[in-house]
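Below are the chains, spelled out letter by letter.
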Amino acid sequence: MNGVHDLGGTDGLGRVEVPDSEPVFRAEWEKAAFAMFSMCFRAGYFGVDEFRYGIEQMHPAVYLLSPYYEHWLHTVEHYGKAKGLLSPEDLEELDRRTQYYLEHPDEPLPQRDDSELVAFVEAVVPAGAPAARKSDKAPKFKVGDTVTVRADSPLGHTRRARYIRGRTGEIVLAHGTFIYPDSAGNGGGDAPEHVYTVKFSNAELWGPDTAEPNGVVYFDVWEPYITPAHTTGAAA
Amino acid sequence: MSEHVRSQEEIAARVKALESILIDKGIMTTTAIDRLVEIYENEVGPQLGAKVVARAWKDPAFKERLLEDATKACAEFGIGGLQGEDMVVVENTADVHNVIVCTLCSCYPWPVLGLPPNWYKEPAYRARIVKEPRKVLREDFGYDVPGSVEVRVWDSSSEMRYWVLPAPPQGTDGLSEDELASLVTRDSMIGVGPAASPVS
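Line by line, the protein sequences are chains A and B. So the first sequence is numbered by this note's numbering: it starts at 6 and just counts up by one. So the second sequence is numbered by this note's numbering: it starts at 38 and just counts up by one.
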């Protein structure tokens, strides 16, 4: 989707605000919102690509103005609703409890014990959740090939950012096959595809009048995103 | 799709309400949340990436392995896992300066850098660093990259997680690996600043 989350090259956003230091979590709610990613992943709410797509469907103004971890709250609610993991009764209860905690912010949470959940946390952090998938597909491209990114605008989730669409660059790394976000993020299967890193010159991306000199951008593409380049001379 | 921008109090209440329902459903517990938070507050952070960088500065054979396969090289330290299942390290030299970003969300190599700083996840950095990296580095990070040095921006659009091997500062001869690691800042591994210089 052509969403506001696809920020590369957007102008008018002002300076990058860099504080001298900041805590890992700035508020208690950020801790819980952060934990929802891995624990709701475990509970079958979403894969990582769906997780991102849920965020992309936030209201664009709210997306830009809200603190980052609030995005995670939105995607948990989105998939809870969409997959029926949060029933209509749960959603009514959610609104009721929201009002309750708004009026009584220091009231405690329900307490349960679950040693398996702590064991999951201990295991998943060092093990991770790899997105590499085996596939028999032979790669259609190799390092050194000049390729052009497809320029059409897909609906739904994609990692094909607008600023690289239609642009031509050179493949510099080939990574093997990984889950394809345009399938998995839209409720499909893993559908593994080859992933390549493509190098674009600044001039190719932004035009010679705008581009900063002596620079390049590297962007990872899945094989269906690219076609062989038919023109020469514009490549990075 | 609500267009209401919530206050901190409203967000806190909504999160706590959802958290309480997920606890009732057995999906979360406060002890599991506390443990996860403790890991990223105290155990997994840029001090881990710094150890790897210090080794690479000290040991050319290790540096070669790191640049060849960062995931495997980091595993020599027991470093790896969530959001760093497939890592690539890119090297800053006298001719090349690298910087990382995720323009589409907030991808970041957690096992070596911990959780990202807020500016990394906010719109301004994600929008601008791919288009005007020299300007952003100079004006917002106080880091002037000489015109003769090529700026390479790595947009982490796939599950590959890129991070930067900063150039070693001058005057580090004879420093131990621990002393070297103390010079390796988080920002130098993102590519928005140099490694610190040793205090002479």
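Treat each hint with caution, since some may be false.
Unchecked claim - Here are the simulated DSS-like pairs of lysine-lysine, each with C-alpha atoms no more than 30 angstroms apart in a straight line:
| id | chain 1 | residue 1 | chain 2 | residue 2 |
| --- | --- | --- | --- | --- |
| 1 | B | Lys100 | A | Lys139 |
| 2 | A | Lys145 | B | Lys88 |
| 3 | B | Lys100 | A | Lys86 |
| 4 | A | Lys142 | A | Lys204 |
| 5 | A | Lys86 | B | Lys109 |
Because the hints were derived from the structure by calculation, they are not lab data.
Hint check, failures only: Structure breaks hints 2, 3 and 5.
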